[in-house]
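These are the residues of each chain, in order.
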Amino acid sequence: MACERHADDLMGYLYGELSPREADAFLAHARTCDSCNGELAQLASVRKTVALAAPLPDPPDALTARILDVARTAAASPPVAATTERVGLLDWLMKPWSLGLAAAGAGLAAVMLVSTSKLSMKSPEAVVQEVAPAAAPQMAAEPAVTTPRADLAAKEAKPVEPTAGAGGDEAALLGAAVAEKAVDAPRGAANGVALRAAAPADEEALRDRAPPSKDQQPAMGEVADKVEPAPARQMEAQGKREVAAPLAAAPAPAAEPSPESTAETDDVAARRVQRSEEKVAELKKAKAPASWGVVASEQPRARGPETGNLTLPPPPASPPAEARAEMEAYRDDDGREGAARGAAGAGAMGGGSAPPPAASAPAQPLRKPSLAVPGMKADLAESRSSPVKSVMEDERKRLKQAETGMKAQAEMTAGAEYLASGRATEALAAFQRAEALDTTHELSPNPRVGQAAALALSGRCEDALRLARGVGQTHPAFSKRSSLLTDVAKCFERKGDAVVAQQLRNEAGEVTRQQTAHAGEDAQSERAAAIVHTVKLHQAGVTRCEIAATQDEELPAAAGVWTVKVTVASEGRATEASAQGPREAPGLRACLERHVRGISYGASTAKPQTVEVKLPIVPRGSVEKARKATKK
Amino acid sequence: MAPLHELSDEELMLQYKAGALPAFEELVKRHRRGVFHFALRFLGSPQGAEDALQEIFLRVVRNAASYERKAKFTTWLYTIARNHCIDASRKAAFRRAESLDAPVGDEADSATRLDRTAGNLPGGDQVTQDVRIRHAVDQALARLPPEQREVFILREYSGIPFKEIAEMTGVPENTVKSRMRYALESLRAQLTSQGITP
Numbered sequence: 011m012a013c014e015r016h017a018d019d020l021m022g023y024l025y026g027e028l029s030p031r032e033a034d035a036f037l038a039h040a041r042t043c044d045s046c047n048g049e050l051a052q053l054a055s056v057r058k059t060v061a062l063a064a065p066l067p068d069p070p071d072a073l074t075a076r077i078l079d080v081a082r083t084a085a086a087s088p089p090v091a092a093t094t095e096r097v098g099l100l101d102w103l104m105k106p107w108s109l110g111l112a113a114a115g116a117g118l119a120a121v122m123l124v125s126t127s128k129l130s131m132k133s134p135e136a137v138v139q140e141v142a143p144a145a146a147p148q149m150a151a152e153p154a155v156t157t158p159r160a161d162l163a164a165k166e167a168k169p170v171e172p173t174a175g176a177g178g179d180e181a182a183l184l185g186a187a188v189a190e191k192a193v194d195a196p197r198g199a200a201n202g203v204a205l206r207a208a209a210p211a212d213e214e215a216l217r218d219r220a221p222p223s224k225d226q227q228p229a230m231g232e233v234a235d236k237v238e239p240a241p242a243r244q245m246e247a248q249g250k251r252e253v254a255a256p257l258a259a260a261p262a263p264a265a266e267p268s269p270e271s272t273a274e275t276d277d278v279a280a281r282r283v284q285r286s287e288e289k290v291a292e293l294k295k296a297k298a299p300a301s302w303g304v305v306a307s308e309q310p311r312a313r314g315p316e317t318g319n320l321t322l323p324p325p326p327a328s329p330p331a332e333a334r335a336e337m338e339a340y341r342d343d344d345g346r347e348g349a350a351r352g353a354a355g356a357g358a359m360g361g362g363s364a365p366p367p368a369a370s371a372p373a374q375p376l377r378k379p380s381l382a383v384p385g386m387k388a389d390l391a392e393s394r395s396s397p398v399k400s401v402m403e404d405e406r407k408r409l410k411q412a413e414t415g416m417k418a419q420a421e422m423t424a425g426a427e428y429l430a431s432g433r434a435t436e437a438l439a440a441f442q443r444a445e446a447l448d449t450t451h452e453l454s455p456n457p458r459v460g461q462a463a464a465l466a467l468s469g470r471c472e473d474a475l476r477l478a479r480g481v482g483q484t485h486p487a488f489s490k491r492s493s494l495l496t497d498v499a500k501c502f503e504r505k506g507d508a509v510v511a512q513q514l515r516n517e518a519g520e521v522t523r524q525q526t527a528h529a530g531e532d533a534q535s536e537r538a539a540a541i542v543h544t545v546k547l548h549q550a551g552v553t554r555c556e557i558a559a560t561q562d563e564e565l566p567a568a569a570g571v572w573t574v575k576v577t578v579a580s581e582g583r584a585t586e587a588s589a590q591g592p593r594e595a596p597g598l599r600a601c602l603e604r605h606v607r608g609i610s611y612g613a614s615t616a617k618p619q620t621v622e623v624k625l626p627i628v629p630r631g632s633v634e635k636a637r638k639a640t641k642k
Numbered sequence: 474m475a476p477l478h479e480l481s482d483e484e485l486m487l488q489y490k491a492g493a494l495p496a497f498e499e500l501v502k503r504h505r506r507g508v509f510h511f512a513l514r515f516l517g518s519p520q521g522a523e524d525a526l527q528e529i530f531l532r533v534v535r536n537a538a539s540y541e542r543k544a545k546f547t548t549w550l551y552t553i554a555r556n557h558c559i560d561a562s563r564k565a566a567f568r569r570a571e572s573l574d575a576p577v578g579d580e581a582d583s584a585t586r587l588d589r590t591a592g593n594l595p596g597g598d599q600v601t602q603d604v605r606i607r608h609a610v611d612q613a614l615a616r617l618p619p620e621q622r623e624v625f626i627l628r629e630y631s632g633i634p635f636k637e638i639a640e641m642t643g644v645p646e647n648t649v650k651s652r653m654r655y656a657l658e659s660l661r662a663q664l665t666s667q668g669i670t671p
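So the sequence lines, in the order shown, correspond to chains D and S.
Here the first sequence is numbered in this note's numbering, starting from 11 and rising by one per residue.
Here the second sequence is numbered in this note's numbering, starting from 474 and rising by one per residue.
It is worth saying that the hints were derived from the structure and are not from the lab.
Bear in mind that the values here come from a model prediction, so they are computed numbers and not experimental data.
For each residue, glycine too, the CB sits at the ideal point set by N, CA and C.
Incorrect hints may have been included.
Unchecked claim - Using C-beta positions, here's what the derived DEER-type ranges look like:
{"hint": "1", "chain 1": "S", "residue 1": "Arg-616", "chain 2": "D", "residue 2": "His-485", "range": "42 to 50 Å"}
{"hint": "2", "chain 1": "S", "residue 1": "Pro-645", "chain 2": "D", "residue 2": "Lys-410", "range": "50 to 58 Å"}
{"hint": "3", "chain 1": "D", "residue 1": "Glu-594", "chain 2": "S", "residue 2": "Ala-662", "range": "40 to 48 Å"}
Claimed, not checked - Calculated lysine to aspartate or glutamate pairs in the EDC-like style (CA-CA distance at most 20 Å, straight line):
{"hint": "4", "chain 1": "D", "residue 1": "Lys-417", "chain 2": "D", "residue 2": "Glu-405"}
{"hint": "5", "chain 1": "D", "residue 1": "Lys-407", "chain 2": "S", "residue 2": "Asp-524"}
{"hint": "6", "chain 1": "S", "residue 1": "Lys-502", "chain 2": "D", "residue 2": "Asp-79"}
{"hint": "7", "chain 1": "D", "residue 1": "Lys-407", "chain 2": "S", "residue 2": "Glu-620"}
Construct the entire structure; sequences and hints are all you get.
What follows is the structure, encoded as structure tokens:
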């Protein structure tokens with residue numbers, strides 16, 4: 011255990027977060043303190059081991075594309091749609107499809123009024139107690155997105171030099187056994203990439219970091235105080251002009267630990283209830299769907315940094331006219347689409363992402379506002395509805411893609427038929443249409459190849475050659491490259507340019523040779539990888555060998571990385587196997603050889619080959635237990 | 474105007490806020506791996522992590538209007554990520570989920586689902602060792618108390634400095650460092666017990 015005084019510095023040093031001066035001071039201490047020295051080495055070695063772990067898979071590219079699609083959709087409307095949509099309420103109500111929602115919303119408003127009233131009649135302390143358990147983790151997570159003068163500090167302060175650079179050299183001065191590990195630790199801290207293979211992108215964040223001084227950093231309590239009242243203040247400000255604000259404002263004091271709110275009396279709470287009742291009466295009078303207002307009010311709640319940076323959210327960015335224009339735009343669309351979006355509020359997913367509710371049962375869109383009931387976690391509500399949206403969105407895209415893909419395929423078939431019948435112009439047009447429709451590039455490079463063939467047929471040899479070369483560059487392994495070049499060569503022959511034609515024939519022959527050779531190499535290399543993978547999957551057999559070797563007391567002496575060579579025939583049978591480890595252990599060796607020979611590797615067209623697999627062997631089970639079992 | 478890849482995250486976010494979609498694309502490109510890995514370590518399920526990645530960036534889109542430069546983008550982003558992952562893991566507690574650590578085969582020692590998850594793994598011999606270490610680290614991580622695991626993932630894998638983690642989690646920086654130290658010590662003990670000597 012490091013000495014308490016330097017425990018924090020140790021962590022800072024380990025992760026390269028100390029200034030050079032602090033790092034020097036810590037190192038000076040570490041030279042004389044065995045406990046800090048030892049702890050530094052131990053923790054650094056843990057980091058080193060963690061960094062050795064296999065990297066995690068990357069997110070699928072399709073997912074990234076989907077995120078960007080959604081962003082594009084959202085870009086079509088202002089990002090602050092939640093605030094703009096409130097003012098377009100009447101316009102929205104004018105739509106025939108909103109009547110069902112309005113009726114359901116009125117019912118919902120009544121339910122919410124009851125729960126709001128109940129909550130508001132309690133003393134603030136009781137309310138805080140009631141709501142706090144649910145809200146606390148969120149509230150704790152939300153503050154402190156910024157430091158008040160972080161920008162200034164970032165400009166003025168020089169970037170912190172990576173501590174580890176200096177630290178790395180200094181660490182060599184530590185004790186011999188410690189030094190080896192300690193050097194690795196700070197170096198790793200400096201070169202974060204090595205130790206954080208999982209998140210290299212975040213190196214950016216480390217590079218331009220300029221931590222503000224402690225006086226610039228508000229204490230967490232202060233930050234919490236700053237962030238909590240924000241929604242309440244905003245609700246107050248908006249309450250007079252927004253129909254649904256009181257409903258939304260009701261939960262604010264509950265989650266608000268500020269002195270003002272805790273000093274609030276029951277009278278105030280009662281007045282708030284009365285005001286809520288009045289507003290709801292107005293709401294009913296106006297036949298406004300309560301759900302709309304409630305949904306709209308989700309935006310300014312104190313929910314982590316998503317709601318802002320310790321400041322009040324900005325006022326509505328778009329004037330009412332814009333909101334109305336947006337509504338008009340919806341009116342042009344399918345009414346159900348607009349209804350879904352309106353009910354989902356905030357326009358977060360964009361118009362296309364909301365599932366169209368059934369005209370007769372608008373329950374789906376209303377599920378979301380119901381979760382704005384005080385004490386409930388609204389974000390849970392958001393995430394609850396998003397999988398549905400996501401599935402619908404995916405399904406819609408898939409259908410559209412499938413439809414477009416089928417059209418592209420049909421154009422390809424038509425092009426091929428035109429080509430076969432010698433109608434080069436029509437073939438060219440069909441292949442061009444196919445290329446345009448093939449947005450997912452599933453057919454690529456076939457449309458290009460078709461175009462080149464059509465051009466060659468029509469006598470436009472240079473254009474055909476240009477396309478053929480392009481295909482060669484983008485798809486070097488494309489199996490028809492050679493045939494395409496031959497077609498183009500024929501084109502030049504027909505034009506009487508025998509020299510170019512011969513060159514292209516030679517080129518086609520070379521492509522064929524290269525592709526054949528690569529195909530063989532690829533097959534061999536794929537086969538080798540498959541063999542290694544198969545051995546890896548049969549870990550249970552290795553474990554059995556480890557247990558047996560531990561019982562025979564060959565382990566842990568022979569523990570370490572063992573190399574197993576296995577020769578696999580084309581039919582998938584292992585013909586030979588040999589194992590070798592850091593120390594002689596006949597039983598373990600025989601067991602491992604037997605194990606890899608017993609595995610079926612599956613048939614392959616590849617030639618028989620010998621593959622080396624390295625297996626880390628560790629002791630398994632208890633020697634004492636094994637001895638007892640043997641005696642019995 | 475400087476190319477997008479030369480701009481800071483904060484500048485990109487402000488550009489996106491002003492309507493520049495390419496800026497958002499650049500942000501997604503920079504952070505998708507980090508956020509995905511964060512969610513994957515936090516939630517333990519590739520499917521959950523994919524959903525989380527989408528949802529987290531959707532929240533960025535949704536809340537872009539309220540972003541101000543005063544906030545460091547990574548802190549903002551990872552606070553969103555953390556909030557979402559906490560929500561998701563709470564929900565997951567009520568659902569039956571397949572564990573990444575559970576053996577796929579009948580035998581207790583057979584390969585796990587995480588082992589079979591496709592990844593950009595290096596080929597051959599190195600894989601076995603690396604996967605084994607990853608397996609051991611994941612198991613050890615899963616056994617850490619949530620507050621220690623959270624700090625460890627944020628600092629070790631996501632590269633968020635202690636000060637920002639303190640802001641995100643709402644505890645003092647010293648506490649964050651203590652949690653990190655306990656996490657490292659606990660991991661060391663667990664890895665040693667699994668035969669992997671750090």
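Right, here's what the structure says about each hint:
| no. | hint | verdict |
| --- | --- | --- |
| 1 | Arg-616/S with His-485/D: 42 to 50 Å | holds (48 Å) |
| 2 | Pro-645/S with Lys-410/D: 50 to 58 Å | holds (52 Å) |
| 3 | Glu-594/D with Ala-662/S: 40 to 48 Å | violated (32 Å) |
| 4 | Lys-417/D with Glu-405/D | holds (18 Å) |
| 5 | Lys-407/D with Asp-524/S | holds (17 Å) |
| 6 | Lys-502/S with Asp-79/D | holds (14 Å) |
| 7 | Lys-407/D with Glu-620/S | violated (40 Å) |
Violated hints for the displayed structure, listed by number in ascending order: 3, 7.
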